[in-house]
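Participant: Based on these hints, arrange chain B on the given structure of chain A.
Now for the letters of each chain:
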Amino acid sequence: KAGVTQTPRYLIKTRGQQVTLSCSPISGHRSVSWYQQTPGQGLQFLFEYFSETQRNKGNFPGRFSGRQFSNSRSEMNVSTLELGDSALYLCASSLEEGYYEQYFGPGTRLTVT
Amino acid sequence: AQSVTQLDSQVPVFEEAPVELRCNYSSSVSVYLFWYVQYPNQGLQLLLKYLSGSTLVKGINGFEAEFNKSQTSFHLRKPSVHISDTAEYFCAVTTYSTLTFGKGTMLLVSP
Chain A
1 KAGVTQTPRY LIKTRGQQVT LSCSPISGHR SVSWYQQTPG QGLQFLFEYF
51 SETQRNKGNF PGRFSGRQFS NSRSEMNVST LELGDSALYL CASSLEEGYY
101 EQYFGPGTRL TVT
Chain B
1001 AQSVTQLDSQ VPVFEEAPVE LRCNYSSSVS VYLFWYVQYP NQGLQLLLKY
1051 LSGSTLVKGI NGFEAEFNKS QTSFHLRKPS VHISDTAEYF CAVTTYSTLT
1101 FGKGTMLLVS P
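Line by line, the protein sequences are chains A and B. Take the first sequence: its letter number 29 is residue 29 in this note's numbering, and every next letter is one higher. Basically this note's numbering = 1-based index in the second sequence + 1000.
A portion of the hints provided could be inaccurate.
[Said to hold, decoys possible] Straight-line distance between alpha carbons at most 30 Å, and here's what the computed DSSO-like set of lysine-lysine pairs gives: (1) K1049/B with K1069/B; (2) K1103/B with K1069/B; (3) K57/A with K1069/B; (4) K1058/B with K1069/B; (5) K57/A with K13/A; (6) K1103/B with K1049/B; (7) K1049/B with K57/A; (8) K1058/B with K1103/B; (9) K13/A with K1069/B; (10) K57/A with K1103/B.
Calculated from the structure, these hints are not laboratory results.
Chain A on its own, in the form it takes in the complex (with noise of 0.2 Å):
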């Protein structure tokens, strides 16, 4: 069974820039969560998605936003960049909302210069 695939698996942009990140679920797992992954803050959450709805959010700034489609993929988008917006962001699949297994794809790193 495939893993979690994010695309694109790097990205430069500029700052005032927007960026949409995508991320495909393993086949059959409905919910996905994002995280966040910089030197100095570590991991953190971002949203997680289950039914094309966000169940949960973490807290950062409304420039980052999400969605969930039928199919389950989802895109993350950050509007207006900026330069601490740089890091690796990861995606999680897991079965069901709730279910407390995520397996996590390659991850996005973004540069913002």
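Facilitator: Relative to the frame of chain A, chain B by itself:
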């Protein structure tokens, strides 16, 4: 709210030696506990998990961990490490579906 403390940011060890990576957590309710490993330029791979039952859990690649409720700890151990175990290890807790991670411990295995 819950929190996770990984006491060591780096643990250097020689190949074939035993290793223990420490993890302590704080939570007002029962939690579920995980260890993940991250190799360079990769995502997180689940090593093992504690959901309920036996407090000693075995995972992949010869790793095991023991849940100690009274000490709120979930230390990761391996009796004999390999060079290929060099990676960053993250302890995580959850009460529902959102994972809270520790800052990570870099395991450096040298010959």
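Participant: Evaluate each hint against the coordinates.
Facilitator: Now for the hints, and whether the structure bears them out:
1. K1049/B with K1069/B: Since the Cα atoms of K1049/B and K1069/B sit roughly 15 Å apart, the hinted pair holds (cutoff 30 Å).
2. K1103/B with K1069/B: With a Cα-Cα distance of about 21 Å, the restraint between K1103/B and K1069/B holds, given a limit of 30 Å.
3. K57/A with K1069/B: Satisfied, since the Cα-Cα distance of roughly 29 Å is no more than 30 Å.
4. K1058/B with K1069/B: holds, 17 Å
5. K57/A with K13/A: holds, 24 Å
6. K1103/B with K1049/B: holds, 18 Å
7. K1049/B with K57/A: The hint holds at about 24 Å.
8. K1058/B with K1103/B: holds, 22 Å
9. K13/A with K1069/B: Since the Cα atoms of K13/A and K1069/B sit roughly 46 Å apart, the hinted pair is violated (cutoff 30 Å).
10. K57/A with K1103/B: Status holds; Cα separation ~20 Å.
Checked against the numbered hints given earlier, the structure breaks only hint 9 and satisfies all the rest.
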